[in-house]
Every structure is written in C-alpha cells, then in structure tokens.
Amino acid sequence: AQSVTQLDSQVPVFEEAPVELRCNYSSSVSVYLFWYVQYPNQGLQLLLKYLSGSTLVKGINGFEAEFNKSQTSFHLRKPSVHISDTAEYFCAVSPNAGNNRKLIWGLGTSLAVNP
Amino acid sequence: EPEVTQTPSHQVTQMGQEVILRCVPISNHLYFYWYRQILGQKVEFLVSFYNNEISEKSEIFDDQFSVERPDGSNFTLKIRSTKLEDSAMYFCASSDKSAGRHEQYFGPGTRLTVT
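Sequences listed follow chains A and B, in order. Per the numbering used here, the very first residue in the first sequence carries number 127; after that it's consecutive. Per the numbering used here, the very first residue in the second sequence carries number 395; after that it's consecutive.
Pulled out of the complex, with its shape left as it was, chain A reads as follows (with noise of 0.2 angstroms):
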C-alpha cells in the first residue's frame, strides 16, 4: 500500500520569493510520482512527473522536483513565483508495475502568493 504526505497545508510566500512544497510518501513497492496543480475552480493539472532516470525533473510554469529515494521524498520547488502561481498543490504516487495505475494523494499544498 502506498501512502502521501504533504507536510504544509499551506504555504504564504511573497511574490517573486522562492518556494518549496514538502512531499513525503511511503510504499513497499517501487512508485511513480506527481505533482498536479488546481487553479481556483479548474480541474487537476499535472505539473510534472518522476518516472526514472534524472532525480531532478521540470515541469511547466517554471517548477522543479527533486526525488530522493533515500528520504522517500519529492519535494516540489520553484526560484521565484507569482501572483498566478495560486493554487492548490497535490502530489500523488502510482505503483509502476502491474495494470493498475491508480494515483494516491496527499492531501494538498494551498499556496498562496501575495504581492
């Protein structure tokens, strides 16, 4: 069984201030992992995704994540957010073997930027 946990509900930064959003996750099996983003009243969007390879991964809008197996961990960062980075953050585990491919969840970063 898999498990997420994001350690910040939320997160207040001041514009153009660099930000980390904590993830910690747990599974005794190997996982891939997400992060995905919801902007007020839209759908989930995935801003970025560990598969293999490279532990620093880029995604869209300027974010990074680094995955640390040791530490079970994938934290998601970004050197100078904005404004329009509001949102709420998820990051979500899938087992990567087997047919099913069924994402668990944290419970969600609130991110909130002020000017």
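If you're looking for bench data, these hints aren't it; they were derived computationally from the structure.
Once the Cα atoms are required to be at most 30 angstroms apart in a straight line, the calculated DSBU-like pairs of lysine-lysine come out as:
| hint | chain 1 | residue 1 | chain 2 | residue 2 |
| --- | --- | --- | --- | --- |
| 1 | B | Lys436 | A | Lys184 |
| 2 | A | Lys175 | B | Lys451 |
| 3 | B | Lys451 | B | Lys472 |
Given the coordinates of chain A, assemble chain B onto it according to the supplied hints.
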C-alpha cells in the same frame, strides 16, 4: 489540445435519488478513472476501467456505484441511491496505452451536493 470534459459541473440531488455523472475522455485514450474529493479531504481513487471492464475498485466503490462506457465516447459514473456522504467533487481521468500511460488527464470535475 484535447481535454477531458465532464457534465454537469454542479449537480444537486436529494438523498436516495439516482445520479449519473458524465465524462468524455480524450478520444484515443483507453484507460479511464473516477476519483472523488470530499471537501477538505484527500482526493480518493474510486475505480479504474479498461477494455470495457473494471480493472480495480476501491472500498468506497460499493454496490451503489457503477460505471459504464455506453457508446465508445462517454464514460459514466452512476450512484443508485445517493447518501449525504456522497457529496463531493468527482473527477474523471483518462490515459493512453503509450509510455505516457502514467499520465492521467483530468476533467474539471462535477460537484455533487446531496441534500
């Protein structure tokens, strides 16, 4: 760019009534999913569907729930007799058979309110 669509955006129903939530996945996708998010809680996997049958379902997906792909384009979630605790945002997702199968594309969601 192709996208997953869901209708209605908001459904209000009385307890005990049947509801059907509709989804149109991306046209060349073969794997379909339903998730739900109760307000303030995690996004939860409900069911996955492939080759005209359920491939996995969660404990939540009891006999009150069913899914169907009636015409090769729509993918529906039916709740036979709604309960107050079924109030949630329901998300449909789809993915294809290529290496990108790991990426699930989400619709904007249907907010179900049971009164």
